[in-house]
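Chains as they are written, first to last, in our numbering: chain A, 1 to 165; chain B, 1 to 245.
Derived from the structure by calculation, the hints contain no laboratory data.
For each residue, glycine too, the CB sits at the ideal point set by N, CA and C.
Take these hints with a grain of salt, some might be off.
What the hints assert, rightly or not - Pair ranges (Cβ atoms, derived): (1) Ile32/B / Gly138/A: 54 to 62 Å; (2) Thr112/B / Pro142/A: 48 to 56 Å; (3) Gly45/A / Asp43/B: 35 to 43 Å; (4) Tyr61/B / Asp75/A: 31 to 39 Å; (5) Gly45/A / Cys26/B: 24 to 32 Å; (6) Asp57/A / Cys26/B: 40 to 48 Å; (7) Gly160/B / Asp75/A: 18 to 26 Å.
Read off the chains here:
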Amino acid sequence: MLPRRLLLGLALTLSACLPHARTRWDHEAFEHGPPVRLVGCVELGFSLDRETAQTSDASLLLDVSLHNRCLREVDLDLSRLRLSGRDESGGAHPVSLYDPRHEIHAMHLDSAVSGTERIRLDVGASLDATQTICLDLGEISPDAAGAQPVCLFAPTARALPKEEE
Amino acid sequence: MKRLSAFVVALACLVAVPRLAHARGCTEVSDIVGYEKCHRFGDGWAVERSVPLALALQLPYVTFDPSGYDFDANRGKKDPTLTFPGSSLGAPITAMGFGARIEGFYLGPLYTGVSFGMGFGHEHFAPVTVGGSTLSPSDELVNTTIVWGGALLGVRVPLGWVSLRLEALFGGTSLSISQHSSLGDFTSTAGHGLIEPHVFFDVWTTPNMTLGAYAGANVFDTKERTAGLVLEWHGRAFDGQYSFW
Numbered sequence: 001m002l003p004r005r006l007l008l009g010l011a012l013t014l015s016a017c018l019p020h021a022r023t024r025w026d027h028e029a030f031e032h033g034p035p036v037r038l039v040g041c042v043e044l045g046f047s048l049d050r051e052t053a054q055t056s057d058a059s060l061l062l063d064v065s066l067h068n069r070c071l072r073e074v075d076l077d078l079s080r081l082r083l084s085g086r087d088e089s090g091g092a093h094p095v096s097l098y099d100p101r102h103e104i105h106a107m108h109l110d111s112a113v114s115g116t117e118r119i120r121l122d123v124g125a126s127l128d129a130t131q132t133i134c135l136d137l138g139e140i141s142p143d144a145a146g147a148q149p150v151c152l153f154a155p156t157a158r159a160l161p162k163e164e165e
Numbered sequence: 001m002k003r004l005s006a007f008v009v010a011l012a013c014l015v016a017v018p019r020l021a022h023a024r025g026c027t028e029v030s031d032i033v034g035y036e037k038c039h040r041f042g043d044g045w046a047v048e049r050s051v052p053l054a055l056a057l058q059l060p061y062v063t064f065d066p067s068g069y070d071f072d073a074n075r076g077k078k079d080p081t082l083t084f085p086g087s088s089l090g091a092p093i094t095a096m097g098f099g100a101r102i103e104g105f106y107l108g109p110l111y112t113g114v115s116f117g118m119g120f121g122h123e124h125f126a127p128v129t130v131g132g133s134t135l136s137p138s139d140e141l142v143n144t145t146i147v148w149g150g151a152l153l154g155v156r157v158p159l160g161w162v163s164l165r166l167e168a169l170f171g172g173t174s175l176s177i178s179q180h181s182s183l184g185d186f187t188s189t190a191g192h193g194l195i196e197p198h199v200f201f202d203v204w205t206t207p208n209m210t211l212g213a214y215a216g217a218n219v220f221d222t223k224e225r226t227a228g229l230v231l232e233w234h235g236r237a238f239d240g241q242y243s244f245w
């Protein structure tokens, strides 16, 4: 009985994980491959989310994962991320990091440390038209020159569940 | 035993107070930069946001050499104090216990801090005759208590996953012993200043945690020795430097 239950539990766990994994790693959602880059010592991972609030000023959220592979501090300046948005017709428009408290500036990533940040993007009025967001990493650290850009498809607004009449 | 209870209560407060403060102080409202109430960009990964402090728990073995110091023996607060020379107790008295250290690494490999602790033991020291009474060692489980504390000044030599430290403790130590006599129970106490150089060896078990061992002796009386194990959490990975090469 026990192995069968164990298998059932494992299958349920895997099936619960599957939709999430698909959403995250569906290769159609990214240009230039998965949104992970190694910049010198620093592993960077990016993903885009959309604010859940269904308001007119809802925007996109950029999730950044950081990990320092080295046993020394590393310079990192996420304020020098250059972002641009593109709509269906290929037209580009500027996108910036929302930083009302001016917190995002050059810092030192501690040795062997990992971290995450969730940053709101200022996409402007063209949020619904924005199809992709591209990140140019070339200036975020002295080792980043020549780093391949990361392009992410912007998630579309989720439909609100209809209220029962 | 009163001192032991007081120390345990103090330790419980040390553990509980930060949790209470956090519970009352700040409730996070968002995980988005700019909207966060309790955190700032860089918390958890940026050197600029870390505090170069280290907090440690010690398991020390300590020795107190009673010779050369006068002990004050008290039975009650109103009773007169009896005095006897520590040399009559015989050999140095030892104890094991626990302690704490707080260090700040603000100047590269140099650090300063404080260290304090208590040791407990059961010793069969010699009976002492004073004021016509003979004070014999108490049969209590703990009949000797050594308390110490002071300021630390040291240097850490980073050698990769291990590090060597040379430091000195500038402070004081005191010994309390429990004795009994036909007049009742006595507590005898003596204390003195201390300059205690230590040799310290650390192994980094994670970038922010070390397991260390140390040994040292009082420069004024090398019969007073100490050694111990230390588990230490460091606010900055490798205290800011993994190795000096």
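### Query
Honestly, do threonine 112/B and proline 142/A meet the 48 to 56 Å range at C-beta?
At roughly 33 Å between Cβ atoms, proline 142/A and threonine 112/B fall outside 48 to 56 Å, so the hint is violated.
### Query
Quick one: are glycine 160/B and aspartate 75/A within 18 to 26 Å, going by C-beta?
Holds: the Cβ-Cβ distance is about 22 Å, inside 18 to 26 Å.
### Task
Hint says 54 to 62 Å; check whether the CB-CB distance for isoleucine 32/B and glycine 138/A agrees.
For glycine 138/A against isoleucine 32/B, whose Cβ atoms are near 25 Å apart, the range 54 to 62 Å is violated.
### 24 to 32 Å as the expected CB spacing between cysteine 26/B and glycine 45/A, which holds or is violated
Check passed, 28 Å falls within 24 to 32 Å.
### Query
CB of aspartate 57/A to CB of cysteine 26/B, is that within 40 to 48 Å?
Check failed, 26 Å falls outside 40 to 48 Å.
### Message
Assuming the hint says 35 to 43 Å, is it satisfied by the Cβ distance from glycine 45/A to aspartate 43/B or not?
### Response
This hint is violated: roughly 18 Å between Cβ atoms.
### Message
If I claimed the Cβ atoms of tyrosine 61/B and aspartate 75/A lie 31 to 39 Å apart, would that claim hold in this structure?
### Response
violated (45 Å)
When the structure is compared with the earlier hints, violations turn up for hints 1, 2, 3, 4, 6 and for no others.
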